[in-house]
Each structure stands twice: as structure tokens, then as C-alpha cells.
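Colleague: Counted from 1, the sequence shown has number 101 at position 101 by the numbering used here; the numbering is strictly sequential.
None of these hints come from the bench; they were simulated from the model.
Check before you lean on any hint, since a few could be wrong.
Derived Cβ-Cβ restraints for the label pairs, each shown as a range [as the list claims (entries may be wrong)]:
id, residue 1, residue 2, range
1, Pro159, Gly133, 48 to 58 angstroms
2, Tyr130, Gly60, 47 to 57 angstroms
3, Leu97, Leu171, 26 to 36 angstroms
4, Gly111, Gly19, 29 to 39 angstroms
5, Val205, Glu181, 18 to 28 angstroms
Simulated pairs of lysine to aspartate or glutamate, DMTMM-like, Cα-Cα distance not exceeding 25 angstroms [claimed, not checked]:
id, residue 1, residue 2
6, Lys90, Asp113
7, Lys38, Asp163
8, Lys20, Asp48
9, Lys90, Asp103
10, Lys90, Glu104
11, Lys38, Asp28
12, Lys90, Glu124
13, Lys20, Glu32
14, Lys90, Glu118
All values derive from a computational prediction rather than experimental measurement.
The beta-carbon is built from N, C-alpha and C at its ideal position, and this holds for glycine as well.
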Amino acid sequence: MATHMRFALDHGDTDVIMGKLEDAATYDALLEAGARGKLAIGSIHCGDAAAVFGRLMDSGVAVHRLAASIRLVQAQRLLRRLCEDCRAPKRPTRAELDYFGLDEAFLARVGLDFLAGESIVFFESAGCSYCDGSGYVQGAPGWSTRDRVPACETLVTTPAIADLLRQGAPLDAIRQAAWAEGTWTMRESALRWALLGVTSLTEVVRVT
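Start from the sequences and build out the full structure, keeping to the hints where you can.
Modeller: In C-alpha cells form, the structure reads like this:
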């Protein structure tokens, strides 16, 4: 795969979209494409967005290349959509609000500051004939936006993040800096879907 990518880069003005990146050679080829100013997209299986940097560093990629070539990393997990025929409202307990950190600051952070106190309602589903008793929308094999929604964590390589990479900062420092700059964690993104009534708290806990 890496050989094919380099051939394409050397023989045409092209952007690159790859599937799963599995070895150092494909990592290097994708970063080379980015360094040449191409749009280069690939996927790596990691626990969160910052972990991608760790995976690449462990494979021998120099930190200055990461800082110079990677513009954005998005991690995602899929949440099942609640069945709208049988979902029912459920007000959160004080313990749930505290456990998930659902205070005014969090609501403002995820753009739901119009919710507060009695306005916060979650939904759960017991299951019905329409959803085959699952409580969630039944989709076709694979996935689509009809039956699932993505909990996304989008980490932009800002100047501050790039500086941390060049300094060899630990991944937790990168996570904290990204969060301070506005990156939602996957848990925060998932909770937003639950607050909008699209999925359940049960699903949030299961997936994130």
C-alpha cells in the first residue's frame, strides 16, 4: 500500500485517502503526502484522538514530523439511536447529574446552555414491536445515520498542540491542552446526543 501511495504522489497531483494504516511504512507514506501539501486521510485504531500521536511515535515517527504534517485527528465511536416509538423521558437524579458532570459549565461547553435544572431530560426505551424489543432503531447490516450517530473527539493540531508534540510532552498533557482549547471528549460528545434525546445514558456508558 505504501509503495502504491508513493507512486501516486510521484506521478500526479493527487490527494490520498487510505483505509486502515497497519505499519510504519504506511504511516510514513501518509505523513509524506501531508508534508507535500496533499490532503491525506487514513485510519488507525486507537482509544482516543491523542493516542494516535502515541501510536505513531511508538512506530518511530519523529515528533517534529507529527507536528508539521498532521492537521487534525478525529476519533469516533458509534451510539445506537433510541427507538422513537417506545422511548420514554426520564429525569436524571442528582447523583447522575454529579456523576456525569452535567453542570452549567458543561452545558455551555457543548452548546446546550439553554438547558438547566428541570429542562434536563434523558430518554430510555423498554423495547417494542417496531424495534424488535431492543429499544433502539434497527438498521441494515453495517451502520448508517438512520440507526447510529457518532460520538466524535476532534483534535486540531493548533500551534500549542504542535509545540507540545515537539517538546515530547506526555499524551495526557496533549489531551488536557486540546480540552482547554475546546475539543470535546468522546464522553462529552456522547452525553450531548443523550441530552438531545437521540440516545440513552445506558448507551453512553456502554460505548464511552
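Colleague: Next, verify each hint and record whether it holds.
Modeller: Hint-by-hint comparison with the structure:
no. : hint                                 : verdict
1   : Pro159 to Gly133: 48 to 58 angstroms : holds (51 angstroms)
2   : Tyr130 to Gly60: 47 to 57 angstroms  : holds (52 angstroms)
3   : Leu97 to Leu171: 26 to 36 angstroms  : holds (29 angstroms)
4   : Gly111 to Gly19: 29 to 39 angstroms  : holds (32 angstroms)
5   : Val205 to Glu181: 18 to 28 angstroms : holds (27 angstroms)
6   : Lys90 to Asp113                      : holds (20 angstroms)
7   : Lys38 to Asp163                      : holds (22 angstroms)
8   : Lys20 to Asp48                       : holds (15 angstroms)
9   : Lys90 to Asp103                      : holds (18 angstroms)
10  : Lys90 to Glu104                      : holds (19 angstroms)
11  : Lys38 to Asp28                       : holds (14 angstroms)
12  : Lys90 to Glu124                      : holds (7 angstroms)
13  : Lys20 to Glu32                       : holds (17 angstroms)
14  : Lys90 to Glu118                      : holds (11 angstroms)
Hint check: no violations occur; every hint is consistent with the structure.
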